[in-house]
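Please work from the sequences and hints to get the whole structure.
Protein sequences, first through last, are from chains S and B.
End of the first sequence sits at 349 in our numbering; the numbers just go up one at a time, nothing left out.
End of the second sequence sits at 311 in our numbering; the numbers just go up one at a time, nothing left out.
Simulated DEER-style distance windows between Cβ atoms:
{"no.": "1", "chain 1": "B", "residue 1": "Ala52", "chain 2": "S", "residue 2": "Pro331", "range": "51 to 61 Å"}
{"no.": "2", "chain 1": "S", "residue 1": "Gly118", "chain 2": "B", "residue 2": "Gln129", "range": "36 to 46 Å"}
{"no.": "3", "chain 1": "S", "residue 1": "Pro208", "chain 2": "B", "residue 2": "Arg153", "range": "33 to 43 Å"}
{"no.": "4", "chain 1": "B", "residue 1": "Val283", "chain 2": "S", "residue 2": "Gly230", "range": "52 to 62 Å"}
{"no.": "5", "chain 1": "B", "residue 1": "Arg297", "chain 2": "S", "residue 2": "Met332", "range": "22 to 32 Å"}
Calculated directly from the structure, the hints in this document are not laboratory data.
Bear in mind the structure is a predicted one, so any value in this text is a computation, not a measurement.
Note that beta-carbon positions come from the ideal geometry of N, C-alpha and C, so glycine has one too.
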Amino acid sequence: VTVASARLSDSKDGLFTSDLSVNEYLLLEDAGYEPLGLVLGSSIYHVGYQRRRLRASHELTVLSEALYHARELAMGRMQEEAAELGADGVVGVRLDFKGFEGASHIAEFLAIGTAVRSRSHPREGKPFTSDLSGQDFWTLKRTGAHPVGLVLGTCVYSVAAAAFRFRGIRMFRNMELPQLTEALYDARELAMTRMQEEAKALSADGIVGARIDEHRHSWRGRAIEFVAVGTAIVRETPAEPPASPMPVIDLNDRVPSRGSRSS
Amino acid sequence: VSAEVPASAQARLEELRGMTSSFFSAASYAAQGVHALGQVVGLSACRLATGVVRRTRGHGDRSLVTARWQEYDGPVRSWTTARQRATERLLAQAKQLGAHAVLGVEARHERDDSGAEPVVEVILTGTAVRLDEPIAKAPVAALVTPQELVRLRAAGTVPVGIAGGFSSVFVTAGRDTFNAMAPWRRAGNVELEDYTLGVYEARRLALQRLSASAASLGAHGVIGVDLSDLGHHRVESVMGWQVHAWGTAVKRTRGDAPRPKGVLAL
Numbered sequence: 087v088t089v090a091s092a093r094l095s096d097s098k099d100g101l102f103t104s105d106l107s108v109n110e111y112l113l114l115e116d117a118g119y120e121p122l123g124l125v126l127g128s129s130i131y132h133v134g135y136q137r138r139r140l141r142a143s144h145e146l147t148v149l150s151e152a153l154y155h156a157r158e159l160a161m162g163r164m165q166e167e168a169a170e171l172g173a174d175g176v177v178g179v180r181l182d183f184k185g186f187e188g189a190s191h192i193a194e195f196l197a198i199g200t201a202v203r204s205r206s207h208p209r210e211g212k213p214f215t216s217d218l219s220g221q222d223f224w225t226l227k228r229t230g231a232h233p234v235g236l237v238l239g240t241c242v243y244s245v246a247a248a249a250f251r252f253r254g255i256r257m258f259r260n261m262e263l264p265q266l267t268e269a270l271y272d273a274r275e276l277a278m279t280r281m282q283e284e285a286k287a288l289s290a291d292g293i294v295g296a297r298i299d300e301h302r303h304s305w306r307g308r309a310i311e312f313v314a315v316g317t318a319i320v321r322e323t324p325a326e327p328p329a330s331p332m333p334v335i336d337l338n339d340r341v342p343s344r345g346s347r348s349s
Numbered sequence: 046v047s048a049e050v051p052a053s054a055q056a057r058l059e060e061l062r063g064m065t066s067s068f069f070s071a072a073s074y075a076a077q078g079v080h081a082l083g084q085v086v087g088l089s090a091c092r093l094a095t096g097v098v099r100r101t102r103g104h105g106d107r108s109l110v111t112a113r114w115q116e117y118d119g120p121v122r123s124w125t126t127a128r129q130r131a132t133e134r135l136l137a138q139a140k141q142l143g144a145h146a147v148l149g150v151e152a153r154h155e156r157d158d159s160g161a162e163p164v165v166e167v168i169l170t171g172t173a174v175r176l177d178e179p180i181a182k183a184p185v186a187a188l189v190t191p192q193e194l195v196r197l198r199a200a201g202t203v204p205v206g207i208a209g210g211f212s213s214v215f216v217t218a219g220r221d222t223f224n225a226m227a228p229w230r231r232a233g234n235v236e237l238e239d240y241t242l243g244v245y246e247a248r249r250l251a252l253q254r255l256s257a258s259a260a261s262l263g264a265h266g267v268i269g270v271d272l273s274d275l276g277h278h279r280v281e282s283v284m285g286w287q288v289h290a291w292g293t294a295v296k297r298t299r300g301d302a303p304r305p306k307g308v309l310a311l
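Below you can see the structure in the form of structure tokens.
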């Protein structure tokens, strides 16, 4: 599926679109970057069928693969759009997931962000992706780091029905649920390991802003998904000495204007 | 319908004379060179027209030409008209107060299906302000807060208005999609290409119209773009998407302006 070129040929008249807030826009300019346009990638995906076991908890590999593949398609397309615009990278990437009413096995995966390019020394090669806000990007650049890619790991797990069964004296006791605990541990660890592997493949020095989201899907029964997302970075020598933090008392609005991410 | 200020608003705005009311926070109230005058509203409710089906064009890309998506021009006209009128009315109220800009605008797009005919509503609320240095002769509406306006202007950029675009695209599923969705086939993991192309097309059209609307305002870019899906609706194998895109159109006035420096706050 190639659709990027049609939309981007529209936007080559010099006008940029972006979902940057005012602060982000100004900070990116300050870091020497200009916004080129809103880039997005999308994939509407049919998730395959997988039989599940009742007695044992296990990973639903078909679902894990589906979620990986669909997100990769979406992110790949977003990256293609950014490359088409001649961008250095994409900041503020949001990964969105939309289910379809009445069709629980179909979902849309969306990746959306703002493509940016350095004014002074644009880079060659594939644009980076990152979920960094303009503020985070500015701070990272100042401290001598450069994002190389948005990395993610996912794992869909089915918890054995037996884990929730309480009979006899167990009904009245405070107790840990070993099967459930173990299942949740395993799923989380798998997601994080996969994220780390992606970062290694990019030969990154580390991951910043990593978080683990939990989604409960209802694909033909109950399934828990853990998604670990973060931005892989490489260390560079900073162009200027890193800004030293300054104690300030912020008098700003607690609620920023609509459409802007929190500062 | 003209952009005249209705009698009820006229009375309210008359009463405001000499005092202020605003949606601003205390911090925004303190922004330099921005003086709040009063809350202003612009809204328009339109019947949701059906219109005629238009095939959207594929811009020479082969894969686009073969896809089968369509757009009804009625909803596009309805939403565009509602948005234009709401904006005109917002600015008319601002003008009545002698304002230079309307800031902190909240834009709401609502669809009401409860009546006999579906109705679309665009509601814009904001605070009319007087500026020590006006942006233009006519009042300008923007989603940014007064603080953000001060920061933008310090960096040599001004908002020139609210740009918006809407699209409404329908896709009829092809055979591959249809087969993948049939429950008895137990299809594996597969992308639904028809639908993917359709949703791309919906967003492309919305963003294209957003850019066109920004260009007509004389902008060099749009910031804070909100790309909100009104969601999809499915009738058998026909899938429809409605997408709104809006944001603040900005224009650079001075290229060499000193940019505000960021600090790493503790």
